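**Q** Please take these sequences and the hints and turn them into a complete structure.
From first to last, the protein sequence lines stand for chains A and B.
Everything in the first sequence is counted per my numbering, starting at 267 for the first residue and increasing by one.
Everything in the second sequence is counted per my numbering, starting at 60 for the first residue and increasing by one.
Hints were generated in silico from the structure; no laboratory data involved.
These figures come from a predicted structure and were not determined experimentally.
You may find that some hints are simply not true.
Cut-off 30 Å, straight-line C-alpha distance, at most; resulting in silico cross-link-like pairs (DSSO-like, lysine-lysine) [to be verified]:
1) B:Lys-404 x A:Lys-351
2) A:Lys-299 x B:Lys-367
3) B:Lys-228 x B:Lys-110
4) A:Lys-356 x B:Lys-200
5) B:Lys-389 x B:Lys-376
Label-pair ranges, simulated between beta-carbon atoms [stated by the list, open to error]:
6) B:Glu-252 x A:Glu-397: 44 to 52 Å
7) A:Leu-441 x B:Asp-407: 50 to 58 Å
8) B:Lys-329 x A:Tyr-372: 21 to 29 Å
9) B:Phe-92 x A:Leu-285: 49 to 57 Å
10) B:Pro-245 x A:Arg-378: 52 to 60 Å
11) B:Pro-299 x A:Lys-437: 38 to 46 Å
12) B:Leu-68 x A:Tyr-372: 31 to 39 Å
13) A:Pro-296 x B:Asp-494: 35 to 43 Å
14) A:Tyr-372 x B:Val-476: 53 to 61 Å
15) A:Pro-296 x B:Glu-264: 34 to 42 Å
16) B:Thr-113 x A:Pro-296: 25 to 33 Å
17) A:Arg-378 x B:Val-476: 40 to 48 Å
18) A:Asn-308 x B:Glu-371: 31 to 39 Å
19) A:Tyr-367 x B:Lys-329: 38 to 46 Å
From the three backbone atoms N, C-alpha and C, an ideal C-beta is built for every residue, glycine too.
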Amino acid sequence: MNCAWCDTEIILQLSWANLMMLEKAEILCPECKFDLEWIQGNRCDRCSRNTNEKRCTDCQWWEKQKENGSFLFNYSIFSYNPFMKEVIAKWKYRGDYYLGYIFENYVMEAFREKFSFLKKEGLVVPIPLSEERLLERGFNQAKMIADFLPLETKELLTRLHGEKQSKKSRKERILTGSPFFITETINKPVLLVDDIYTTGTTLRHAARLLMEHGCPSVYALTLVRG
Amino acid sequence: MEIITSTQLEDLSKGFSGRILLRKEIPLDKPTFQHFLEHQYLIPQQSIINKVFTHQCLRCGNEKKSLFAKIPCSICNGIHLYCRKCIQMGRVTECEPLYTWGGPPPNWPTYEQPCSWDGTLTQGQQQASNHMVQAIRNGEKEYLIWAVCGAGKTEMIFPAITETLQQGKRICIATPRADVVRELYPRLQKAFEEVPVQALYGGSETKDASAQLIIATTHQLLRFQHAFDVIIIDEIDAFPFNKDPSLPFSANRAKKQDSTMIYLTATPRKDHQRRIMKQSLPHTFVPVRFHGHPLPIPTTRICFSLKKDLDEYRFPKAFYKWLSKRENSKRQLLIFVPTIKLAEKMKDSLASILKKENIISSEKMLTSVHAEDIDREEKVIQFRQKKITVMVTTTILERGVTFPSVDVAIIDAGHVVFDEAALVQIAGRAGRSADDPNGEVIFFHDGKTEAMERAIASINKMNKRGGFET
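**A** Here it is, written out as C-alpha cells:
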C-alpha cells in the first residue's frame, strides 16, 4: 500500500482492529496524516468555526435577520490549512478522484459522533454541481463524501450553471440568489453534504429550498471549514 | 463548417503536429473537431493500455500500479482507469483518447542567418559548439557536452540552434527547471530576433506550441510526440529529470526518428560517466570558464556543535568568524541550508549580526527563498539587481541561476541533500563574472562526508584538465 498523497510505501502497524478487518486501512502515510489539521477546541455550535463564544458573531447576525428556514447546524471536520488546500485542489480541480478516499474514515467517524440520530429516517443530500461543471470535472466531490455515509443518498437538488463560488468575493457570495432547484417534496430530515464551508451561503440556499418543500429539519456535514 | 484554407491548414499543422493532446487541450469547436477526425487530420489513439500485472499511461509512460485509480464516468456511467502520475497536466482517462496530428506535415522555414547575437565564443566554447553542429549535420543520435559551471553553455548552443534553423528543422531546448526557462527565454529571443520563440512551463502564458524554436521544461515534453529534429537537454543530471522516469520517457518520444539529442551538464551522473568511459557516448569536455579563470576551490570548516546550533536555528560560530574576515566584503552572500524550515527560521537570527558587520543596512536586504516560496521569482530578480545582499536558500538555487559576484556558504554541507553534484554546482555559483572571477566557497560541517571530498577532488581535477596548477 502506498500513500495516496506522497506515494511512499506505508508500513502497516498490525493491530487487532485491522487484523479483523474492522476498519478500513489508512491510505495516508503517518507523515502526510500529520499535515491534516482537525478542528479542535471550542467552536461555534452553529457553523463549526473556531471561537470562544458559544455562537460566533456571524451566526448571531444571521439569526437576527429572522430569515426562516436554514440548517440547524453545520459540522466541519478539518481546517483549511495549506496542506488541505493542496489536497482539495488536486482532488476536486485536477480530478484525482482517489484522493477523496483519504477522508472516508474521518467522515464516517464524524457522522457516528454527531449525526447518528439521523440513522432512522434521515436522507443524505449532496450539494450538486451544475451539469456543465459535472461534465468538466467528471465527478461531484460532495456526492463522493455523501456516499461514504450509512444513509440513503438522494440527489434531490439540481444547480444552475454560474460562476464558481471560489471565484467570488464574500459579498458576492452572500448577495447572489439561490442557484438550486428541486422537483420533489420531502418529509424526512436531511443531512446536506459539501466539501467546504466558507460563508455558509450555499448551504443556506439549499436548506431553505428543502424546507420550502416540506423538509422538517436540515443539518450539514462539511469536510472543511474555510 | 467553413472550408479550411491552405494557410489555415498550415497554421494548424504547425500548432498540432508533434503534439499528443487531450480533447480539452485542443481549442477547436465541436463541428470543426469532428471534421478533423473525419479527414484524419487528428488521429485518436488509446491513452491507457494494459500490461502484464499493470497498465501504462501513454502520455507519461507511468506503469506504477499505485499511480492508477478508478473514477466513475459522468459521460458513459462506467468506471474508468485514470493516471494519477501526470494529473497535474489534465486527467488522462482510459475512455478518452489522446490525439495526434495526421494532416499534412508543416513546412518550417529555412533561415539564412537567424542568429543576431554578435558576441564571440572562447576557444573552449567554440570547440564544443563546433562538435554540436557536426553532430547535428552527421545526424548523430546523442552527444554530450560536459562543461564546467560558468563555461557559458547558453552561448555555446547558439550555433547549434543556427544550424538547425538553417536546415529548416525544428528544435527544442528543454531544462528541468521553470526558473531556467524564464531566464533563458528573453536571451533566446534577443539572440534570434527574426525567429518566433515560445516558452512552455507550468503556468506559462502560452500553451500554444507552434514555433520552430521552443524552450520548455522537461515536463512539457509530455505533450509532444515525434516533434523535434534536435533536442538539447540542459542540466541532464538535475532533479527531477534523473529521478522521474516519465521525463526520459517523454524526451525520448518527443524526438523524431532521425534526430539528434544533445545533453548539457556540468556534473554528469554515473550512467553517463560510464558511457563516456566506454566511449559509447560521444562527448566534448569544456574545462575552462568563459572568463578563463579556474573554478574556486571550496574550503571546509568544522563546527563541533553544528547539530545543536541548527536545533536552535543558530549559525555556527565558525560562520560568524568567517563572515568578519571575508576577502572581499562587497560581494553578495548566498547561504545554502539543507531544509526549507532552516531557510525560513535561520534567516531571522542573522539580521542583527549582518548589520553589526555592516554587510546590510536594513533588514530588507536579507531574505530567504525555497521551492514553496511564492515570491521566489521576484526575490531572485531583486538579488540580481542587488537590492538584496544576503540570501538564505535551499538547493533550489544550486544551478541554472547566475549572479556576478557572490560568496557561497553551505551550512551543514554533510547533509544528504548535498550530494557530490549539488556541491559542485553550488560551488560553481561563485566567481561567475570576468570582473570578479574569484569567490569564496565554504563548507561548514561537523564531519567531512565522501560527497564533500569527491566534490572538491572533482573540482580540482577539472581545473587541472583546464591547464591550471593546483
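**Q** Now look at each hint and say whether the structure bears it out.
**A** Quick rundown of the hints versus the structure:
no.: 1; hint: B:Lys-404 x A:Lys-351; in the structure: holds (23 Å)
no.: 2; hint: A:Lys-299 x B:Lys-367; in the structure: holds (28 Å)
no.: 3; hint: B:Lys-228 x B:Lys-110; in the structure: violated (36 Å)
no.: 4; hint: A:Lys-356 x B:Lys-200; in the structure: violated (38 Å)
no.: 5; hint: B:Lys-389 x B:Lys-376; in the structure: holds (21 Å)
no.: 6; hint: B:Glu-252 x A:Glu-397: 44 to 52 Å; in the structure: holds (49 Å)
no.: 7; hint: A:Leu-441 x B:Asp-407: 50 to 58 Å; in the structure: violated (43 Å)
no.: 8; hint: B:Lys-329 x A:Tyr-372: 21 to 29 Å; in the structure: violated (44 Å)
no.: 9; hint: B:Phe-92 x A:Leu-285: 49 to 57 Å; in the structure: holds (54 Å)
no.: 10; hint: B:Pro-245 x A:Arg-378: 52 to 60 Å; in the structure: holds (59 Å)
no.: 11; hint: B:Pro-299 x A:Lys-437: 38 to 46 Å; in the structure: holds (42 Å)
no.: 12; hint: B:Leu-68 x A:Tyr-372: 31 to 39 Å; in the structure: violated (54 Å)
no.: 13; hint: A:Pro-296 x B:Asp-494: 35 to 43 Å; in the structure: violated (52 Å)
no.: 14; hint: A:Tyr-372 x B:Val-476: 53 to 61 Å; in the structure: violated (33 Å)
no.: 15; hint: A:Pro-296 x B:Glu-264: 34 to 42 Å; in the structure: holds (40 Å)
no.: 16; hint: B:Thr-113 x A:Pro-296: 25 to 33 Å; in the structure: holds (27 Å)
no.: 17; hint: A:Arg-378 x B:Val-476: 40 to 48 Å; in the structure: holds (44 Å)
no.: 18; hint: A:Asn-308 x B:Glu-371: 31 to 39 Å; in the structure: holds (33 Å)
no.: 19; hint: A:Tyr-367 x B:Lys-329: 38 to 46 Å; in the structure: holds (39 Å)
Against the hints set out earlier in the document, violations occur for numbers 3, 4, 7, 8, 12, 13, 14.
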